Amino acid sequence: MGIDLTAEAASRHQAPTVRGPSEEPVVLTINGTHHTVGLEPRVSLLDALRDRLGLTGSKKGCDQGTCGACTVWVDGRRVLACLTLAIACEGRQVTTIEGLAADGEPHPMQRAFVEHDAFQCGYCTPGQIMSAIALIEEGNAETDEDIAEFMSGNICRCAAYPGIRQAIKDVRDARERP
Amino acid sequence: MRPLGYARVSTVAEAVEIVATDPAGAFLAGGTTEIDLVRLGVARPDLLVDINDLPLHDIDDLPGGGVRIGALARMSEVARTPAIAGRYPGVAQALLLGASQQLRNMASMGGNLCQRTRCAYFRDGVSPCNKREPGTGCSALDGLNRGHAILGTSEHCVATHPSDVAVALVAFDAVVHTAGPGGVRRIPIDDFYLMPGDTPDRENPLRHGELITAIDLPPAGIAERSVYLKFRDRQSYEFALVSVCAAVRVEDGIVTEARVALGGVGTKPWRARLAEQHLLGVPATAESYAAAAAYELSAAVPRRHNAFKVELAQRAIVRGLTQAARGGMR
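First to last, the sequence lines map onto chains V and Y. Here the UniProt record's numbering is used: the first residue of the first sequence is 1, the next is one more, and so on. Here the UniProt record's numbering is used: the first residue of the second sequence is 1, the next is one more, and so on.
For the record, the hints were derived by calculation from the structure and aren't laboratory data. A portion of the hints provided could be inaccurate.
[As the list claims (entries may be wrong)] Chain V stretches covered by chain Y per the calculated footprint, using a threshold of three residues with CB under 8 Å from any CB of chain Y: (1) 26–38; (2) 63–70; (3) 83–96; (4) 159–169.
Quick caveat, the model's predicted, so the values are computed rather than measured. Note that CB positions come from ideal geometry on N, CA and C, so glycine has one too.
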């Protein structure tokens, strides 16, 4: 059994260290680079990225986990940076929209968004792209219904959804070709 | 947001001790409810204890056919685990119809069970609300109560519990394991959720510093052909107006066993025991299902804006049982 629920397991002990509430050094690994930045524990990953590290690609739409504009990857999974504390990301790998281009070449999904005009104002686009790439990795892009359902956490107020879905299908199909 | 202390812990004992000894301490798992409510000023911890490194992520088969879900397993992981998707399809479907994939990647199963109501008066931080500030009154009784409960309500609170997966877990008699200052215990999930009565601020029997460690599903049985249906204002990424988890065993056209639980209509994830009793021994027909549904909803107390839920819940039960009798979602 993987989980030990005994009283004995519940009594194993080490002394915890409390950090904050004032600012202290926090080590974040963003797009493969280590950054040491002074942060209070209450600072969200989104605010740390945008206001402290100058990585303004991740957008703040609602700041309450409903719009998806702040979508980033933590340890390879798409999550919402607005509901994540930066300090909780110590020791984890954070990937943002700025980390997608390799050697100055846009990621195929970035290129597909341009080709299919998958945006109007562009504010939701970084979150859409971070979700779209993860969607294919998860295996949730197989049908049109799956794409619609598993992209529903990224809202586009300009309603560029047809272009977004076409971009996803293009990248999916290009990957499947031998 | 208020200033916060932060501690990351690596053992259950450490987690329990640090929260138990700090009256303003709280556990932090996925954070999808906790960080939201702290930012709104509705939750007011001084210290968040990050439990994500605890060894409570696994999903294991239990001897005898059940499944143990670690409290820190993420919703998305649980939904795609073959043991859950294959043997408890109603549970997997409930998970996949909740929130968005980003939130499902973050949210832990233990946190899901403890999530707070979406009642706007609770969340706004200022309106009279007995759940947030006992004794101040309930703004939803005569306010905007379209999303509110019709079953299990009291004159002090009509808030619904928002979880989808808890509805399926209630249908199949899951058991919640906890560790706390007083040791470990097992709580049948239907007892884990409390009716509001005159203490709507108390939603579950957890003591301060008591941590959910795992959720056990008993051997599947009838759950193998279960369905979870969700009815809401938009097709995806929305809380339920009404949802139903249903499973039914039919022999020679007669119902021999049934499970029905409702979301979106109860002050707790609602096991429809009246409907289940009414279904035993009746022909497996839409008429029987409708009679059972009417029996369950006869106890409903609708309010100005949510009376539609009485009819919607009955239709949901009929559709859920009909689909379950046809062989479930697969």
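Coverage criterion applied to the stretch 63–70 of chain V (partner chain Y; beta-carbon cut 8 Å; 3 residues): holds (count 4)
Can you tell me if the stretch 26–38 of chain V counts as covered by chain Y, using C-beta to C-beta distances under 8 Å and a minimum of three residues?
It is violated: at least three residues are needed, and the stretch 26–38 of chain V offers just 0 whose Cβ sits closer than 8 Å to chain Y.
Closer than 8 Å, Cβ to Cβ, for at least three residues: run that test on the stretch 159–169 of chain V against chain Y and report holds or violated. violated (count 0)
Practice prompt. Can you take a look at whether the stretch 83–96 of chain V is actually covered by chain Y? Rule is 3+ residues, C-beta closer than 8 Å.
Written response: holds (count 6)
Checked against the numbered hints listed earlier, the structure breaks hints 1 and 4; every other hint is satisfied.
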